[in-house]
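Number of protein chains: 2
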Amino acid sequence: MPNNTSSHSLDFLFHPRSLAIAGVSGDMNRLGGGRGFLESLLDIGFPGKIYPINLEGGEVLGFPVYPGIKAIPEPVDYVISAIPAQFNPQLVRDCADKGVPAIHIFSAGFGEIADVSGKKLEMELVDIARRTGIRIIGPNCMGLYCPRGGLAFFRELPRTSGGIGFISQSGGNSAHAIRETALKGVYFSKAISYGNACDLNESDFLDYLVGDPETEVITGYIEGAKDGKRFASALKVAAARKPVILYKAGVTEDGTRAVASHTGTLAGSNAAWDALLRQTGVIAVHSMEELVDVAVLCKLMAPPRGTKLALMGIGGGAIVQSADECVSAGLKLPPLPDTVKQRLSQIYGSETGASFRNPIDMYWRKRELIREAIKVVADCDQIDLLMIQVLVGVGGSREKMLLEPYLESIISLGHEINRRSVVVLRLMGPAKFWPFVPEAQSALADAGFPVYLSARDAANAVVKYARYHQRRRQSTSSW
Amino acid sequence: MPNNTSSHSLDFLFHPRSLAIAGVSGDMNRLGGGRGFLESLLDIGFPGKIYPINLEGGEVLGFPVYPGIKAIPEPVDYVISAIPAQFNPQLVRDCADKGVPAIHIFSAGFGEIADVSGKKLEMELVDIARRTGIRIIGPNCMGLYCPRGGLAFFRELPRTSGGIGFISQSGGNSAHAIRETALKGVYFSKAISYGNACDLNESDFLDYLVGDPETEVITGYIEGAKDGKRFASALKVAAARKPVILYKAGVTEDGTRAVASHTGTLAGSNAAWDALLRQTGVIAVHSMEELVDVAVLCKLMAPPRGTKLALMGIGGGAIVQSADECVSAGLKLPPLPDTVKQRLSQIYGSETGASFRNPIDMYWRKRELIREAIKVVADCDQIDLLMIQVLVGVGGSREKMLLEPYLESIISLGHEINRRSVVVLRLMGPAKFWPFVPEAQSALADAGFPVYLSARDAANAVVKYARYHQRRRQSTSSW
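Taken in order, these protein sequences are the chains called A and B.
Counted from 1, the first sequence has number 22 at position 22 by my numbering; the numbering is strictly sequential.
Counted from 1, the second sequence has number 268 at position 268 by my numbering; the numbering is strictly sequential.
Pulled out of the complex, with its shape left as it was, chain A reads as follows (with noise of 0.2 Å):
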């Protein structure tokens, strides 16, 4: 039976020589559909070759158009479709008797719409895979990114390649979550937007990246499994080799019924999920944010010991909410200790307002004077972590003289204190600001920082990324 085939060989899916999209439209205007496929592979430099497909023919982009697939001379490894419903499953056949391994369905108006037809259509279409050995991605979605395979869904994703695999229900959040993770400096391995999951499921996604070299974190959204049995397996296995970050969504009532209508999935009951994910290990993520704020920790943090956080920042109020904030989401502020507090004395001897205690406020503005306490704090074997805080405006039309001293100290210390630290950006000066905050978050990133734009996200990212490797220590020590 070629669906019984390994999930480890679909790696050919990530690595096609050559490809058609079937429905490219020469209308500049049509969104999405075969020409914004086209105009995404072009853009990330899809190296191989491309055979664009439209019953008008001519040509696009400077690409001839071949009236179908049987007219193409070449062979062809991988084919997207962006063609109506009802003409997928006379598509698919075509591919079939052409030899070409998987075909994505980008089309809509299968098994997600409330419509019978669309259900039969989608049985169709598993039924001649089953009988032809062709593997369906879909339908109903984005397909796959690969930046070392050229693929992509949209256009100005990353070309570079990182260590993050993703599998997804939804293509929009699978190019948020590609985005987001980019502007912190952390890339993906490979993002699989598998919608109906007619054919290849979440299962064949989660045992390929399981076993992917390049993948070290997986992450995923999920609506619902089509296979729960098979799914709560591959979950144990995956979370016991790798860390493994899930964003289940539709978890209420409500949320369950914009599923149906998204994917056409059953979503399943609430309880069982959360078992599930308590039971695998798996960190359990409440929305897309979320996802990439602990990826990114993945990469960029050394598993924290505990969770004793210092915390400095400039600003007395600013300071107290994101004390507040940290305590809130499960961090400890423990007092720093004596000998700490003296060298920030000593330190700061010249200069007026400071406060010692943890949260440490740093309102001072010689960079050298910052480093070296950063520094100092970052290296007090009495805390686990390091947060520092940057306002973004603050100081009005002299916010760089602000912000500067503050993000060149950091950057300065990159290495010696980014493995255990996270840097918050706070917007909180006049809208014309704005601007620096992707500036700023580009160049902490660079020097291995994780990024965040308020205390409260950062730390409830942290305490699931230290919480998660608390559980891993305590399950290994009771072998």
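All copies of an identical chain are treated as equivalent in the list; a pair is satisfied when it fits inside any one copy or across any two copies.
Taking lysine-lysine and the DSS-like style, the derived pairs with C-alpha atoms no more than 30 Å apart in a straight line are: (1) Lys464 with Lys332; (2) Lys464 with Lys226; (3) Lys229 with Lys242; (4) Lys366 with Lys119.
Simulated from the structure, these hints should not be mistaken for lab results.
Based on the hints, put chain B in the right spot on chain A.
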């Protein structure tokens, strides 16, 4: 006793005809200090006379500098002190001698420092105030913001006056709140950063705002009360008259330690504060962002009848997450009545992929259809609230094409729907689209819509606002 003056008479603080600033340095590189106040007052357009004071004399920004308060030949209504802590008692005495009715002491180094000398110095100030009748704001604070009176403590604070009053133990948080709220189209009547509150305290200013006809909504950032008993009864009176939104900071043991070093206040037990806020009917929030989020609703949204929400937005995965976030926050997303679903189906007849359940995935492009669909849902009398989510940056380089029809449709509906709607602008594209967010936010705010950057934050604010009105209705009906 001069300090028994009724708080209502504090109005004189906000409308001085002339003011002096002690400690204005000619050094451009000194932040804050007297020069910062001078620049802030010029920036907002203080209409009266300004007298800088500095022992060095000379000129600053074209203003002649006086060597002391007594050297100023005319009456002075208000003094801002930015001189070192130890010189303040003499300055306050000199001010009292000259008949200055009030002084704001920006200087730090009083009750908030660990050294007992600070506390002694602060007691000396209190003693002078009690004996002479001069009123003191501070020390260790930013003082007053009042656009009508031309008072500001940072540059680039709005000149527009509005209905939000703010009492705050943090100057930075005050500026943050004022700016963030302005971005959302809502403005402040007065903001008071009162720091250590050695003379005029939280209750004095709270009482004042209750009686102030310009102030419709009272907000506060409180680390702890100087006089807890008085503040409790002041809060009760305030909350019965106007909506009161309070962030009691330092709620945790660790936060309490941060508070002690920030303004030298005893924070009080969390349980006592929780009980107080609940009993008085205050809307309790847990960050400045939340405070702004709820304050904006008080101005822009009609009291909701309930928490039944219709959620509309683009992007399957994005809308599933937002539905999760709404329900987690406490909103209900009931199915839409058949009549509404039929109308939506008619409107969208020609385009595929629509989901007319709730949430409503509305990935379409024709603005007349978008507009009509929103109107149909907003008019449905079985829902209480409408949330419309717009994704910023989706569609890559064509992003304007995707964003604009939604924004234009929403804005064109304006007052027909804005009293029961919130708009979420979720940034999901490449970083270059950041600048679209404040731009779009400003256009939506001009059309009277409360705008949020995530469904989580929007839902949280809406729930707090709806529950506030629910409690008010219950307490009224039980009379």
